[in-house]
Amino acid sequence: MRITTVLIGIQACFTTILLAGALEAQPINLNADQVSVKQVFINIEKQAGVTFIYDEKMLEGLNKISIKAINEPLTEVLKSISSQVPLQFKQSGAVIGVVRISVKPHPKAPVSEKAIPLNSPPVTVSGKVIDEKGQPLAGATIKIKNSNFQTSTNEHGVFRLDNIPDSAILVVSYIGFKSKEVRIRKGASNIVITLESDASSLKEVVVSTGYQDIPKERETGSFDLVNNELVNRRVSTNILDRIDGITSGVYFNGTADNSINASGYSPRNSGINIRGQSTINASVDPLIVVDNFPYAGQISNINPNDVESITILKDAAAASIWGANAANGVIVITTKKGRLNQKMRVELNASVTVGNKPNLFYDKNFLNSSDYIDVETYLFKQGYFDNDLSNTYSYPALSPVVSLLAQARDGTISEASATNQINALRQNDVRNDFEKYVYQKSVDQQYSLGINGGGSDYTYALSVGLDNNRDNLIRNGFDRTTVKSTNAYTPFKNLTLTADLNYSQNTTFLNNAYGYGDLSAYAMGNGEYNTLYPYAQLADSKGNSLIIPKNYGSSYINSTQAEGFLDWNFRPLDEIKNSDNTTKVNDLLLRFSALYKIIPQLSAQIQYQNEHQIVDLHNFQSQDTYYTRNLINEFAEYTPGSPINYIFPLGGILNSGNYDWESDNLRAQLNYNQSFKKNVITAIAGSELRQQKTDGYNSTSYGYNNNYGTAVSQLNYNTYYNTNPSGSNLIPAPQAGTAESLYRYLSYFANAAYTYDERYVLNLSGRKDGANLFGAKTNDKITPLWSAGLGWNASKESFYAVGWLPYLRLRATYGFNGNVYNGTAYLRGNYTTAPTTGANAILIADPPNPELRWERVKNINFGLDLGTKGDRITGTIEFYRKDGEDLVEPTPLATQTGFTTFTANTANTKSHGTDITIQSRNLTGALKWNTTLLFSTLDDKLTKYDVASTSSSIQVTGGIPGIVGYPLYSIFSYKWAGLDPANGNPRGYLNGQVSENYSGIINNYAPANLVYNGSARPTVYGSFRNDFSYKGFSLSANIKYELGFVFRRPSITGNYTDILTYYANSDYDNRWQQPGDELHTNVPSLIYPGDNNRSEFYTYSQVLVQSGNNIRLQDIRLGYDIPASWLRNKPFQRLQVYAYANNIGIIWRENKYGIDPDAYGFGLTHTLPNPFTISFGVNANF
Amino acid sequence: MLIYSCKKQDAWLNAKQLQGDVVPRTLADYQAVLDWNPAMNDRESISGLLGTDNLYMKDADYAATDQQTASLYSWQNTIWANGTSSDWSDLYASMEYANVVLDGIAGMNAQQAGYSNLKGEALFYRGFALYNLAQVFCKPYSAASANTDMGVPVRLSSDANILYPRGTLQQTYLQMISDVTASANLLDKQPLTIYRPSTNAANALLAKIYLVMGDYSNAGTYANKVLLNGTSLLDFNNTTLASLNNYYRFPPNGINNPEIIFYASCSDYAAISASPRTRGSVDTNLYNSYNDNDLRKSLFYVSLNGTERFRGDYAASGGVFCGIATNEVYLIRAECNARQGNTSPAMADLNKLLKNRYATGTFTNLTAADATTALQLVLQERRKELPFTANIRWEDLRRLNTDPTFRVTVTRIINGTVYTLPPNDPKYVLPIPDNEIQLSGIQQNPR
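Line by line, the protein sequences give chains A and B.
Numbering follows this note's numbering, in which position 549 of the first sequence is assigned residue number 549; successive positions increment by one, without gaps.
Numbering follows this note's numbering, in which position 297 of the second sequence is assigned residue number 10297; successive positions increment by one, without gaps.
Only chain A is shown next, with the shape it has when bound in the complex (with noise of 0.2 Å):
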């Protein structure tokens, strides 16, 4: 596209104005009364994406106008400048020309723009205007000081003065930014220069609510923008971690699951909760919207680089848009678009982020080699092993220590023998073994290219990206592919239409399931070790993969091996080596529209968005792997002097499984826009179909071989065989499921905003949601909800005078948001094939609950925005409250009637808090410092439940142990007396004597008689972002906080056996073992025969529940612009180098443990900190 250069004369005076075409361009949205006309052009730029050229002068003496505009064509608006001020217009592609009528002439003017007013010998200066990013300014001003000399910049900022007097200085000014003064020399061209960004400028801001993009200034509800530049500061690989500490409100809750779930429906688990939690059972995860519609793939397939802004929606009025959906919050994630009369733009980014290993030292769920094997001596002692070391039938694994210890007394080795060799395994430490050979460094790479643009009838953006991530663990990664296509025709006048295509493909692979902790991959299968011992070697000093027992003890190994079985030994690397395991996932997303305007105030649009995702498994286990190998072996039949028979077949074994998920949404929807004298109306309504439809099937193929892909179908599943060492079993039946899962919602809405004079606005929100649920009948198949929302803009009003306050505006909205629950108003069962028999049975799910209702979050929310003189400091405060009501949960029933729990309207909360969001303009010089704090507090408790607690109820870590007066998420712990001076045995208080009757302490449940110790989720949380700029550079580090919240620490259970099974806590250390010691320290003695309640009152007594405060140094982004000049005769208008830190580390934790509040594992998990990454990237643009 080609942009003339307008160059403007003060005295040129057109007398014929060509307004071009229908310029339809994004319809404009304004709301101005008695502004300059600067500020209305300031704003049309914003949303038309045009540049006006005109020279400032030119402005001087209008009046002010006032024009009201609701999505209405570029042109009209246009007319509306000039019916009010004496301004014509010429519009040329993006480029706008404004030109003042009927001007009186300039005393001084020169007569032409060539003439040369000076005597001096004539210079020739060209140059570039650039903004602080290194984008050109098309249309600066280029003016001679002291003269009526100027010109003005073309679209690539270009600029070119010829005869003009040596030494000048030229005066650059362009809208929006400082106008900047340049002393030019003889001779000098090319040079570049760079205007700071005018920050006072108003900042108009649309949000999306996925309905409708909307100014801010218009709504009345809680919505917050997260900015191109926010969701490019951190750099990852899912689009969800990039508003992960910028946005008020927003807790990340540390449970995010993107494991993929290939079969059938499940509620997404992001992690994220927005205002607390309203909701117990229903799905607790806001819902996710793709442009305009909820996405229903894997957030993994979408490329971040394709993300424009992300609008978070938190209130009724903000998300009531959204219904049944919306009770957790909304968060809409806009992609990038082209523009009409937009030249090609090209961006380019290109990161390579690089992760430590994770800290195995970090977890205090471990305890060291040598006092793990004295307490597993201890236990042989006590002949806990000696029913394993006897039997020869099922020949049980035993441990490398336990097997000497047997041996010594045995007498097969001496005892010197034995203890030596112990010795010698005291001094391993298996994460060492772990780092060098289970886990790497990661390295995740990113590139993506895309390019945007439009002509006057059609805008289009591509954009194509790559991913390949290096996972922490070996063999682990994910590789993905993504394609996205906008376009938007406006084939005839009144019509758009848009089609987008978006794809993805992605792999992940999972050949390492051996990482640190790993219960099911390193379980001995003896039943007394559920995870590996510390003193494990997974490799010889050569590097040689080395044999961890499992299933069967070495001697019954060797002797099969003897007999020509297949190696049964178990070795960790090696399976790590030998795994394919890799799930695709393939989305397709289809979405079209078209929106044709009736009249200039009504528009009807439908839009249909079609997404396929298939997901495809893929896990061949071959012979040389262990899962393989041990079912042959089990099934092998041997009979001596003749060959093994193989009942289940040598070869590998295939699991593959392929799903289908496909959703589509019709929405048709009428837009109403009107505006007269002081009256805004902007109304939307229409009715929305959305299906969501899952289908698959998993398969698995015995004696498999790759290369032919054949498979051995003649296996008999019905007769048991006998196995070896002992015993009969069947050969598992191969998977031959079927997944398929249906989910349809049928909605009805409308929402209506109407503005007066900008000074007050009133939002009305209502919708009607139904759904498929199962077993209810139709009329409670549908739940209405509204919402309703005021606005006041005080500063508007003629009596404001608040002079160091020019912003002022107040919020109020009320309304209800929903959750859609998955109950059953009739008994529910499942028809399954029954195991033995092989009947064609019913297997009972859900008892019936006649009287289910929809769950209903109601929301009240206050909102102050501010800004102080020259926007120093911006802000918006907003209080809240949250009442949830008739909320779902599973509730417990006595077991008497055949059900352990039902799913019942059981529970009311009540939650309230405060989001403050305060940005501070510290520095504004050419060092700029800019502060923005993210303050968030919430206030939440049950206020209903009708479940009757249990001893088991309350205990809980970081669940709901439904108490009411207290937060969803609480601790209650046993009241701690310390340790038994005589034999360290834990002591609490049975009706208020100090009592060891534990089984009594725990039965005494009633929370009066329990500590309650705080809640579960940090109460107070937030940011604190600094972002400094000097010339090029810019530096941005965020500090996160978490404070008010409480945790369960991790310890021993003060039984011997649990050490071996999973409770290892280097606690240990610290236990009672003499009279004496109950002075300093809580931990309790050991003791064997273990005591259940003993343990059990221990690990919920108040002496483990620890502060959870804390405050991180998140990440630090250090970014450096390629300077403009460097950049000549480069294809590049902007190049910009970064560096970004993430997962820096703690500052300050209040737990004396050295335990990080967001990875602690507790009892069977080993949570490590997210290790530290730093990335490196380029971003460029031409």
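Wrong hints could be hidden among the right ones.
Said to hold, decoys possible - Derived coverage of chain B by chain A (criterion: at least 3 residues anywhere in the stretch with Cβ under 8 Å from a Cβ of chain A; other residues may be distant):
| no. | region |
| --- | --- |
| 1 | 10020–10033 |
| 2 | 10037–10044 |
| 3 | 10050–10063 |
| 4 | 10222–10233 |
| 5 | 10355–10367 |
| 6 | 10427–10437 |
As the list claims (entries may be wrong) - Only pairs whose alpha carbons sit at most 25 Å apart, straight line, appear in this in silico DSS-like list of lysine-lysine:
| no. | chain 1 | residue 1 | chain 2 | residue 2 |
| --- | --- | --- | --- | --- |
| 7 | A | Lys693 | B | Lys10016 |
| 8 | B | Lys10007 | A | Lys693 |
| 9 | A | Lys928 | A | Lys178 |
| 10 | B | Lys10352 | B | Lys10189 |
| 11 | A | Lys381 | B | Lys10058 |
| 12 | B | Lys10427 | B | Lys10139 |
| 13 | A | Lys768 | B | Lys10189 |
| 14 | A | Lys928 | A | Lys46 |
| 15 | A | Lys493 | A | Lys79 |
| 16 | B | Lys10008 | A | Lys693 |
| 17 | A | Lys441 | A | Lys64 |
| 18 | B | Lys10007 | A | Lys768 |
| 19 | A | Lys768 | A | Lys46 |
| 20 | A | Lys441 | A | Lys584 |
| 21 | A | Lys768 | B | Lys10008 |
| 22 | A | Lys79 | A | Lys364 |
| 23 | A | Lys869 | A | Lys796 |
| 24 | A | Lys64 | A | Lys216 |
| 25 | A | Lys493 | A | Lys337 |
| 26 | B | Lys10297 | B | Lys10355 |
| 27 | A | Lys597 | A | Lys693 |
Hints listed in this document are in silico derivations from the structure and should not be mistaken for laboratory results.
Glycine is no exception: its CB is placed at the ideal position from the N, C-alpha and C atoms.
Given the structure of chain A, go ahead and fit chain B onto it with the hints provided.
The following block gives chain B in isolation, referenced to the frame of chain A:
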């Protein structure tokens, strides 16, 4: 704008979410509910068995076993881990499913094929659950005190919102007798599989019920009904069905075992089940009481870790058989005859059973001079024949304790400490799980 008629809207929203979802409505659906054998057949109770004199644990085994097993074994006051008991919840689950069926078919045409049998099945399962619950959570039946002793909640409705109180023991027994008697008349004579109850199963259960009630006349009558209706015994010399080469000695899941009338099992306690990891050993006196020609001695037990452990089990799948087989019915009829003074029919039944247990050609008929001797012999063989079947030994200890001739004090020596369970001790009644007490407020058993 899309406008949907109400009908279209309903059609759209009436589509099923999950393919397999079903709200049972038809007779076939309800039959399918009862055909889910994991709930209806495989979750019975053996927690009483752990407290009997048929087994003991070495100190090391006792220390190494799980706490619940250890508590049951040594008759602790606190038994159930986490306040829940699968004995309680699983038996009530089967009762609930039976009630679901009974409520569901209540309004249906009773004449249609399969209706009677299905109703009979549901009544049988409810009666069977009540029987098993009463043996663990209630005092032994005594006509004198049954109207004041506590029963278990007798649930007659499937509505989970209704909580039932415990009622009296008399009510519990009357209901199970009424349910099972009715089922005997409704059920098919020949069931499709041993996983479904039949007339024989109902009559055999009635024999069991009357036996624990001390009503030997009725018990004998119902046992007789069963044995006259084409039952057979498994000859332990039949190496196809009873072999030392089979890990569990008998066919897995009772398949082809001609002796089984109704199949049920329990796999809750690995410590005493016939699994390789069993920690319980068979009582030495009991083991030594088997004749060397008695095939039960080799088929039932295995030497492991220096003691004899239970291995031969009719469930033969790692659990404990809890169903009803012909051997038990013979023993009931023999006992009832002996108690009623009919010595020779009692001995005839006993000898018929034992003939199938001894190695071919080694058995000589036992004789008894009088009914008392016959009764002693029958009870002795009953313990040897059914040592690890359901809670039978526990039930026998409970009922025989009322008779000074047969009462037993069970003794354990654990780490040098002697524990005893005297006859008629309150510990013969297990506590109701705390979770149930907390949620329904029913009365706890004294310990």
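Against the structure, the hints:
no.	hint	in the structure
1	10020–10033	holds (count 8)
2	10037–10044	holds (count 5)
3	10050–10063	holds (count 6)
4	10222–10233	violated (count 0)
5	10355–10367	violated (count 0)
6	10427–10437	holds (count 4)
7	A:Lys693 x B:Lys10016	holds (11 Å)
8	B:Lys10007 x A:Lys693	holds (22 Å)
9	A:Lys928 x A:Lys178	holds (14 Å)
10	B:Lys10352 x B:Lys10189	holds (24 Å)
11	A:Lys381 x B:Lys10058	holds (15 Å)
12	B:Lys10427 x B:Lys10139	holds (9 Å)
13	A:Lys768 x B:Lys10189	violated (57 Å)
14	A:Lys928 x A:Lys46	holds (24 Å)
15	A:Lys493 x A:Lys79	holds (19 Å)
16	B:Lys10008 x A:Lys693	holds (19 Å)
17	A:Lys441 x A:Lys64	violated (62 Å)
18	B:Lys10007 x A:Lys768	holds (17 Å)
19	A:Lys768 x A:Lys46	violated (35 Å)
20	A:Lys441 x A:Lys584	holds (24 Å)
21	A:Lys768 x B:Lys10008	holds (16 Å)
22	A:Lys79 x A:Lys364	violated (72 Å)
23	A:Lys869 x A:Lys796	holds (15 Å)
24	A:Lys64 x A:Lys216	holds (23 Å)
25	A:Lys493 x A:Lys337	holds (21 Å)
26	B:Lys10297 x B:Lys10355	holds (14 Å)
27	A:Lys597 x A:Lys693	violated (34 Å)
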